[in-house]
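Engineer: Residues per chain are reported as follows:
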Amino acid sequence: MQDTILRTEKLCKTFSTGGIQQHVLKNLDISLMEGDFTIIMGSSGSGKSTLLYALSGMDKPSLGEIHFEGENISKLNNDQLAIFRRNNCGFVFQQIHLLDNMSVLDNALASGLLVSKNKQAVAAKAKQLLAQVGLNETLWGKFPSQLSGGEAQRAGIVRALINSPKMVFADEPTGALNSASSDSVLDVMTEVNRNGQSIVTVTHDITTALRGNRILYLRDGIICGDLDLGAFHADHNLARHEKLNAFLSEMGW
Amino acid sequence: MRSCLKWDGKMRIINLAIANIKTGKSAVFSLFVLIFIAALLLNIGTTVMSKMSTFYEDKVEELHDAHVSIVMKSANYKQPYGDFLKSYSGVKETETEQMILLPTATIRFDKSDFSIRTALLNADAERTVAPLKLIEESASDKGEGIYIPYGLKVRNGYQLGDNFTLTYQNKKYSYRVTGFFESTLMGTSKLAMLKFYLPDAAYRQLSEELGPAADGTLISAIFTDSEQSGALLSDYNNQFPQSNEAVDPSFWGADMQTAESSSALIVNIVAMILVAFAAMIVLMSLTVIKFRISYSIDDGMVNIGVLKAVGYTSLQIHTSIVLQFMLIAVAASVTGAAVSYAVMPAFGGVISSLAGLLWTGDAHMGTDLASVLIVTLLVLVVALLSSMRIHKLSPVAALRGGIMTHNFRRNLLPLDKAKGGLQFVLACKTMLANSRQNLMIGSIIVAITFASVFSVVLYYNIAEDKTAFFQMLGAETPNVGIQVEPGKDSEQLLMQIQQMTGVEKANILDYITTTIDGQLVNTDFSDDYGKLENKSVYEGRYPQYDNEIVVTGGLARLLGKNIGDTIKVGVGGASHPFLITGLNQSFNAGRNGASLTMAGVHHLIPDHKGMSINVYLEGVNKSDFIRDVEAEYGSMIQTITDVDESLESGTRVYISAVFAVMVVILAITVLVVVLILYLVIKMTILKRKRELGILKATGYTTFQLMTQIALSFVPIVIAGVIVGGVLGSLYTNSVLELLLSDAGISNVQFIIHVPLIVTLCIAIVVLVYLVSMLVSRRIKRITAYGLITE
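Protein chains in written order, with numbering that gives the first Met the number 0: chain A, 0 to 252; chain B, 0 to 789.
Quick caveat, the hints were computed from the structure, so don't treat them as lab data.
Here are the simulated lysine to any residue pairs, SDA-like style, with alpha carbons at most 25 Å apart:
#1 B:Lys171 x B:Gln97
#2 A:Lys124 x A:Asp182
#3 A:Lys116 x B:Asn410
#4 B:Lys688 x B:Ala432
#5 A:Lys124 x B:Gln703
#6 B:Lys416 x A:Ser144
#7 A:Lys118 x B:Lys418
What follows is a list of derived Cβ distance ranges for each label pair:
#8 B:Ile761 x A:Asn76: 31 to 37 Å
#9 B:Leu282 x A:Asn71: 52 to 58 Å
#10 B:Thr359 x A:Gly18: 57 to 63 Å
#11 A:Ile19 x B:Gly365: 55 to 61 Å
#12 A:Gly18 x B:Gly365: 53 to 59 Å
#13 A:Ala123 x B:Phe702: 26 to 32 Å
#14 A:Gln20 x B:Leu431: 45 to 51 Å
#15 B:Leu766 x A:Ile19: 41 to 47 Å
#16 A:Glu64 x B:Ala666: 50 to 56 Å
#17 B:Phe28 x A:Ser15: 28 to 34 Å
#18 B:Phe702 x A:Gly195: 29 to 35 Å
#19 A:Gln20 x B:Phe28: 31 to 37 Å
#20 A:Asn71 x B:Phe702: 22 to 28 Å
One-sided and incomplete, this derived list gives chain B residues near chain A with beta-carbon spacing under 8 Å:
#21 Pro413
#22 Leu414
#23 Asp415
#24 Leu425
#25 Ile693
#26 Ala696
#27 Thr697
#28 Gly698
#29 Thr700
#30 Thr701
#31 Tyr784
As the structure is a computational prediction, the values presented were derived from the model and not from experiment.
Even for Gly, the Cβ is constructed at its ideal location relative to N, Cα and C.
Isolated chain A, as found in the complex:
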């Protein structure tokens, strides 16, 4: 029996532009389970990224509550949310967003040392993670501009994992990568999920979606589909692919 790690109650998000109100998320009640690789899908403008960043404490909901391991984070102020994020969340962005003026290793340490003062332990963990995602030592001292897209995104994943977050939030992690780089990044994400890491990913990409075990489909701010895809196995991917396609067809994808 899996534990609920994240739960929303009547989550709403409304944007106001030039006096016009746009309700992006509408009364969402979602529960995310520990150890799941949850995929959020939906057409453009459906509110996927808005939901992801509301769930992660990056943005505040307009109404409703978000409970992370029982703690209501929707009432936290900006600084409390920052502390919440550093202790509980890891982020992987479509645009990667590594710090340009820092080396690969320093990018990981800049997050890691926020939580732990033990430089040696954090550095050792960062190096282990870097090696684990396939970034060899020669790349650790390089700057983001000197890396390929795939290498940079894997460095981004290391940064997301450095504080052993309870949940990794990924927004189109392969959106800016070519096919080969995408596969390497997805392999890393699948691997860390297998090791028990909870992940929530927003994507348009079927290949990425196939890595998840649960698919949530969002349309006009409402979850209109929830598919249990089962754990990813490279060998049984065809059946999962068909199941996903059927689900997406049903959702009007």
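Mind docking chain B on chain A? Use the hints.
Structural biologist: Relative to the frame of chain A, chain B by itself:
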């Protein structure tokens, strides 16, 4: 058609420039304020300096005042004296006038009594030279009371209707102040003579009461060219050896150049400090402009690419950037020049109180134009040079974000190895990544710290601990000064005073006017220089024997002499060679000063006695002592002065001038620090918006990021403050020596009060930190979510 296209092109450039200005309003405002302050100070400084160069000459002309005046008892006056002036080369007009001459009358100066040589003239008498011209007159008491110099109003606070009392030979003569007039030579106590006018009836009454002993003669001369007036008194002295102060104590002579140098000096110093400070701010503004242009090119690289792609030429884009800064510079400098008219009266008040003459705030179009031109031209040059690289950018390179502005070849301070907390190390990384920007901030901090230290040292030494100030001026600081009644035995009185209870020491310190190589030299003499509190000799030693002399450094340079050389000193017909044993300085004597022993003076004026006794007290109440001296030796004493009080009131005008300078410099320092940090941090935050968003997303709080930014300035600011503080401590005296060299001051040993400077430096660092924290609060507006949505 063609001209229409050209005009259209120009309009597009202007529109681009205006659009750029509109997008960065707060940065534009900060730059505007910086350039405005620079233009304001520059305009005030240059206006004061240019006006001061002709101020006295213009004043003499306006008042039809004398370039040279000589006063003596009528009994000592001889016709050849007047004839000499009349026939002197360059003299175009002379006049001889009868007056009442009081060798030492006591008048109230602020809270103390001040003894001074006084001339009382008949207000209703006909005269062509220096006709009575009142600048303020009582409407009700017209034609009555006394007319007093304007200097007594601005320096000592006398107002129309006030009671004015002259004490002469223990008798008080009281009048009501009914008007103020200006006088270049006899309007302040600086030249040891004050002139007053009494209406005919009062004049005659006083003249009758005082008798013929108080009859004096005033000889005045106006020159065609004021430059020629400088040698008249010296030539007069040579021509009439019996008519000088040493032989005739009632004799007094002064010329315009002496008056000018005694008053204009401090005004010029203040003006020079303002100009120097303005130059510093102009430099800062230019540095900020350069920084801002580089930033806006980096930031707007893609826009530049788009503009180039759609057909704008490099020149058009370049011109729009330059134009943007030119518009700011012209607007700010014109406003600065205009506002200087509003600020000038305040400076005019200080100048009036120093010179005792009315400073009029006339239009100064020439200097206005020069200030505006200087500032805008400098901005133009810097803007042109800083944006030159636009020409080298191809549209494609610009659209791709241009050339990388940062070089990341070395990862400085790797986080796993660097010592110190995360915040500090990240701050240091930021600092190292922005070395050029930090160099700019460091240089600015060095400059403003230097200026602040300079002003604080100046203020401390003039307002708090005046020891070094008096030493610099060569002014002796006894507690009580006694002027012995002419004809009485001063040496006997000295001996008796030395025996009195509470007298620590007493000596004679008086002066005579001598001539050395054709120069009139203010020569003091003492029975014992060892008793002086302020040793003004900065090289060599005081004279000990009758054939020794000390001269001012300025005079030594003028004569081409040095310690060990012999010079011939003359008084009237007598002269004697003296060996130079030391160099000193004296603000009062100016460039031409010397010191002799009492025995040395006797070579020139046999049996001459010093009539001024300086008394230094210890463990006795000063008022009691003065009362006892008056009671016991009153018949031998002409006046007793509370020197402490006189010095206090005498230096008040300097204190207020220096205080004003200090306040201006410190206020501008604070403003400049705030503005520059505002500009730099704002640009830094904009530039690092994405990075700050990432850091926020990964869990950094706003306060942590604010601290990081504030801390990133701290090392360079501390370094700048240390360098500026050390330079200020080491070179303030040298700068002062340079500023005061024209006044004959060669050696300044102002006390560098280290705790005060350390406090100032700490205050600057704290100010920078607090301002940085405050300005970087705008990080709060950057959200992690904005990273994705923007």
